[in-house]
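**Student:** Residue numbers (the numbering used here), protein chains in the order written: chain A, 1 to 330; chain B, 1 to 429; chain C, 1 to 300.
It should be emphasised that the hints constitute simulated quantities derived from the structure, not laboratory data.
A portion of the hints provided could be inaccurate.
Stated by the list, open to error - In silico PhoX-like cross-links for lysine-lysine, where the CA-CA straight-line distance does not exceed 20 angstroms:
hint, chain 1, residue 1, chain 2, residue 2
1, B, Lys-205, B, Lys-165
2, B, Lys-253, B, Lys-227
3, A, Lys-83, B, Lys-110
4, B, Lys-257, B, Lys-274
5, B, Lys-213, A, Lys-83
6, B, Lys-418, B, Lys-217
7, A, Lys-75, B, Lys-165
8, A, Lys-75, B, Lys-110
9, B, Lys-418, A, Lys-75
To be verified - With the Cβ distance kept under 8 angstroms, some of the chain B side facing chain C (calculated, not the full set):
hint, residue
10, Gln-69
11, Ala-70
12, Thr-72
13, Ser-73
14, Asn-74
15, Lys-78
16, Ala-81
17, Gly-85
18, Trp-247
19, Gln-248
20, Phe-252
21, Ala-271
22, Asn-276
23, Pro-278
We treat Cβ as the ideally placed atom computed from N, Cα and C, and that holds for glycine.
Now for the letters of each chain:
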Amino acid sequence: MTAPTLHPATRDGRNGAEQAGEPPRLTASRRNKRRFGADWKMAWAFVVPFLALFVVFHLVPVFYALWQSFHGVEKSGGLGFTKPSVIFVGLDNYAEALTDEGFLRSVGRVLLYGVVQVPVMLGLALVMALIFDTAIVRMRSLFQLAAFLPYAVPGIIASILWAFLYLPGVSPVLDLLDGAGAHIDFLAPGSVLWSIANISTWQWTGYNMIIIFAALQAIPRDLFEAARIDGATNWQIAWRIKVPLVAPAILITGLFSVVGTLQLFSEPTVLRTITNNVTYNYTPNMIVYNLAFGSNQPYYSAAVAVVIAIGAFLLSFGFLRVLQRRNPDE
Amino acid sequence: MSHTAIRLRSRGLAAAAAALTLVLTGCSSGSSDSAGSGKQTIVFWGWSDMSKPVALWNKTHPDIHVKFQAITSNFYPKLQAAITGKDGAPDITQVDYPNLTSTIIAGDLKDITAESADLKPHFKPAVWDQVVVNDKVYGVPQDIGTQVLYYRSDVFKEAGLTAPKTWDEYMAVAAKLKKAHPKAYTTAFPANGGAWLASLAWNAKARWFGTDKDAWKVDLDDQPTLKVAEYWQKMLDKGYAKGDQHWQPTWFKGLAKGTYLTWIGPAWGGAALKENAPDLSGKWAVAPLPQWTKGDTAPVYWGGSLTALTSVTDKTDAAVKFISWLNTSKESAKLLVADVLPASDIGQGIPELTKPDPYFGGQVPGEVFTVRGTESTPWTWGPTMTDTTNYLNDAMQSVINKSTTLPDAMKKVDGETKSQLKRKGLSVR
Amino acid sequence: MSDITARRTRRRAVWSAGARRDRAPLSTRFILTVTIIALTAYFLIPIAWMLIASTKSTADLNTTFGLWFSHFDLMQNLHDLFAYRDGIFRRWVVNSLIYSGGGALGSTFLAALCGFALAKYRFRGRNAIMGLIFGGVLIPGTVLALPTYLLLNSFGLINTYWAVILPSLSSAFGVFLVRIYAAAAVPDELLEAGRIDGAHDVRIFFTVVLRILLPSLVTVFLFSFISIWNNFLLPLIVLNDQSLWPVTLGLYSWQMNAMSEPDLVRIVVTGSMVGTIPLVVLFLTLQKYWRSGITTGALK
Chain A
1 MTAPTLHPAT RDGRNGAEQA GEPPRLTASR RNKRRFGADW KMAWAFVVPF LALFVVFHLV
61 PVFYALWQSF HGVEKSGGLG FTKPSVIFVG LDNYAEALTD EGFLRSVGRV LLYGVVQVPV
121 MLGLALVMAL IFDTAIVRMR SLFQLAAFLP YAVPGIIASI LWAFLYLPGV SPVLDLLDGA
181 GAHIDFLAPG SVLWSIANIS TWQWTGYNMI IIFAALQAIP RDLFEAARID GATNWQIAWR
241 IKVPLVAPAI LITGLFSVVG TLQLFSEPTV LRTITNNVTY NYTPNMIVYN LAFGSNQPYY
301 SAAVAVVIAI GAFLLSFGFL RVLQRRNPDE
Chain B
1 MSHTAIRLRS RGLAAAAAAL TLVLTGCSSG SSDSAGSGKQ TIVFWGWSDM SKPVALWNKT
61 HPDIHVKFQA ITSNFYPKLQ AAITGKDGAP DITQVDYPNL TSTIIAGDLK DITAESADLK
121 PHFKPAVWDQ VVVNDKVYGV PQDIGTQVLY YRSDVFKEAG LTAPKTWDEY MAVAAKLKKA
181 HPKAYTTAFP ANGGAWLASL AWNAKARWFG TDKDAWKVDL DDQPTLKVAE YWQKMLDKGY
241 AKGDQHWQPT WFKGLAKGTY LTWIGPAWGG AALKENAPDL SGKWAVAPLP QWTKGDTAPV
301 YWGGSLTALT SVTDKTDAAV KFISWLNTSK ESAKLLVADV LPASDIGQGI PELTKPDPYF
361 GGQVPGEVFT VRGTESTPWT WGPTMTDTTN YLNDAMQSVI NKSTTLPDAM KKVDGETKSQ
421 LKRKGLSVR
Chain C
1 MSDITARRTR RRAVWSAGAR RDRAPLSTRF ILTVTIIALT AYFLIPIAWM LIASTKSTAD
61 LNTTFGLWFS HFDLMQNLHD LFAYRDGIFR RWVVNSLIYS GGGALGSTFL AALCGFALAK
121 YRFRGRNAIM GLIFGGVLIP GTVLALPTYL LLNSFGLINT YWAVILPSLS SAFGVFLVRI
181 YAAAAVPDEL LEAGRIDGAH DVRIFFTVVL RILLPSLVTV FLFSFISIWN NFLLPLIVLN
241 DQSLWPVTLG LYSWQMNAMS EPDLVRIVVT GSMVGTIPLV VLFLTLQKYW RSGITTGALK
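Put together the whole structure using the sequences plus the hints.
**Tutor:** Next comes the structure, spelled out in structure tokens:
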């Protein structure tokens, strides 16, 4: 367990604990005799409803996808008008995926996106959290709420809103930029990736800021006073003390962001309705979707999906290892 | 442990088991309610709204009840899943012509060559060709998107131009329009125009797909196609055509504000013009699509769909009765014509299509849209049109972005399509 | 007076020892304030545009400046939104409420049961279950999309309310949160006291534990509600009938049409506003809970 200050939930729960602690009439011997929590049948009864659904809707599909990824269809006639049969193809689908130029390009694209968007977003979130952690800006909670508001907008709706803001003729942002003499095409082949990045940044910066802010607030305040007595400036305190102490929080938000990057789907799908510069195979997830639901190649689609999942796992575990090395008692 | 508790738990388990059974067996809302004296229910899937003709049918045909379901996303995957799962599978489905071959290959459709024999005379050969694959008939044509040339009659008149009959004339017209209106373009070159480009290749007598014994012949960079590709590359290079996207606000605005002076579009596209450029009423006109050889009249199509029977239906007779009424009766055509151009001769003969249209300056657009001659340019849609259209769209976008030229892009699309066929286990020659 | 000021300053100094207001130079304060205001503008402009655009007619939307009001046509737009296509939008709102409300209620309850058991029982398989759940969280949704579709298809559940609700019922995040909370907030003594009084575990859970867990359950409910409300991929693939769609899917389909039917833009924007309001209201009223949810989820 981390320090209770990191868990506002724990703080909220204190009432219950105090209430319950009131009648101290149990003796140690009686407690051992009727120990709560030793009844394993009861435990399973509590766990099973969730577990059953989790297995059916999370694990079975994964194994199904794995099974599919090793299979394919075989047509008996070269024209394909006869009934096809499903055969085992070993690693063929994987070999295909790893040499599929379109897929590799989409992976490169989301990696480029991730390398730029995640640090920019976390940087913004960190800067905001640091500013809020000082009391320099008034009406802090109001500003925090404003930053968090985009998270409350459903992802599809956020994408639709930004699509309109990128659209010449409707967008007031383009009007303003045109007025200032800047003619920017948000939907051009070179810029549309960053227009997508902007949608995620807009949606998630506030969310990440809240996390980092909570971590900042959990740092014991006397640490700063001590540093100040040693002659540290505010900037030094921020960079040398605060940032290293909230690094785990930043890393974990980074982990979620990277996994999110690999799964990029709804933002580009919505922008595709207004520009063909977002191609049908723009992101790995769009490829999986198109293979499964557009071009009728479920087996190959499954292999590509598994490759993405493995990629996400590797990235996640890489991140977690970095995290654990910094924080061995977790 | 008290008795109440045990009962409580077992009751909970029973409830959970019941729920699970419900989940596993599924509350199948069967569509096969052949209740009553011989009354049959037919399930009909489509993406365009067929509720009006279906309602009329149900009113006039009490013995066969049709239940229409509009499926507006992922149509073919859902169709296939329903047919493999059998549960809730439709008896009749709408299919668009380009995807007919792939839908047959997926095993979703029924061969109705015998049942449809007496319907064939109601359609022009060019139209009927659209439902024949591998010498078998798989449906009845419902609507058809004859490609035509929409042009600004007022601008043409002012510049002393007439509607071009050949592609050479079209290019000459473009040059003159450029001089008269330097800021305008003759037309838009669409980034999302895979299906549009296919119709133009077809018009040039290209054969993208064909069969040779037990293998597919794929040739998306044959001579006619390269001729078309070079033509449009020239249109772009000379500034006669501008890269844009069909159905996007910029494009509509271009049509409404006089940026685009012509549009090579389908019969069903007239409605979009009226809706988005209402101020230009009387200033648009329709002409037949330009040809490579003067005097050719064979039509080509963009879009349109047929009605087919699914491979799992056990109500063939009733289903055929309904689709022949839907596609070869005047009553049904009168309802369909609001959105599309009916495919049959009977459907094309209704008064709605022989009336002058004030939007097109009193012209009778139906005369241009409907197919008169019996000429037909052979054309086969390939088994991977969804993918091929994606490749084409990508290629056209790259051409607009100037990262390749259209002839080169077509060679790439040819290669991509061939490997896609192989990936799907088909032979390619 | 000076006494009060001094005390206030001291209190602030303790709270925000990072940088005392009186110590930071004016220029720093200015730069930081401007930074925050600029970022806030960035966060609010799209929302402001949505609110303003939903009050405009199609003509005004195209001709007047987007970030200020013109003729106020909100009522007309709302009327048209709920009348468009035989008023199907109302149905979508109701569907979204059913999916999110039902799914969130169910998943909260299951998470409460499971999270509590994982926190308070010692039994074989406990660690395996926790590992399983944690691993499950990291599986990208698209891997599951097609198999889930085929699974639901084989159950005959495609195109039913269950197709959206059942897969949403198992919230790993919820279990995770309840487990942490229960471990910290539910005292073992209380549970044992209950047992000594002769109460059965199930009864203890329903009469005592649920009440203690309530704050965490509100958080779980809130986050499940939001994630189901925002879900796009699952409804997109499992629902055929428009009458079963949630708001997000409906708006997406209209957005596609809006490109060729300019008059639809104002309806999509007004619909977006209506589709966002329930979430904003939830967030504003339940601030305490989402903050705790976000930080617990991320920091543990």
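**Student:** Given the proposed pairing of Lys-257/B with Lys-274/B, does the C-alpha separation stay at or below 20 angstroms?
**Tutor:** holds (13 angstroms)
**Student:** Using Cβ atoms only, decide whether Asn-74/B comes closer than 8 angstroms to chain C, and label the hint accordingly.
**Tutor:** Given a least distance of 6 angstroms, the restraint on Asn-74/B holds.
**Student:** Decide if the proposed pair is consistent with the structure: Lys-418/B and Lys-75/A, CA atoms, cutoff 20 angstroms inclusive.
**Tutor:** holds (16 angstroms)
**Student:** Tell me if the interface restraint on Gly-85/B is satisfied: Cβ within less than 8 angstroms of some Cβ in chain C.
**Tutor:** Check passed: Cβ of Gly-85/B comes within 5 angstroms of chain C, closer than 8 angstroms.
**Student:** Hold the hint about Ala-81/B up to the distance rule: shortest CB distance to chain C must be less than 8 angstroms.
**Tutor:** Check passed: Cβ of Ala-81/B comes within 5 angstroms of chain C, closer than 8 angstroms.
**Student:** Holds or violated: are the alpha carbons of Lys-418/B and Lys-217/B at most 20 angstroms from each other?
**Tutor:** Between Lys-418/B and Lys-217/B the Cα gap is close to 9 angstroms, so the pair holds against 20 angstroms.
**Student:** Given Trp-247/B as an interface hint, is the shortest Cβ-Cβ distance to chain C below 8 angstroms?
**Tutor:** holds (4 angstroms)
**Student:** Pro-278/B was flagged as interface toward chain C. Is the shortest Cβ-Cβ separation under 8 angstroms?
**Tutor:** Status violated, d = 11 angstroms.
**Student:** Do the alpha carbons of Lys-205/B and Lys-165/B lie within 20 angstroms of each other, as the hint requires?
**Tutor:** Distance ~17 angstroms between Lys-205/B and Lys-165/B Cα, so the pair holds.
**Student:** Any CB of chain C closer than 8 angstroms to the CB of Ser-73/B?
**Tutor:** holds (6 angstroms)
**Student:** Does the CB of Gln-248/B sit less than 8 angstroms away from some CB of chain C?
**Tutor:** holds (5 angstroms)
**Student:** Is the interface hint satisfied for Ala-70/B? The criterion is a beta-carbon contact with chain C at less than 8 angstroms.
**Tutor:** holds (7 angstroms)
In the structure shown, a violation is registered for the earlier hints numbered 2, 7, 21 and 23, in ascending order.
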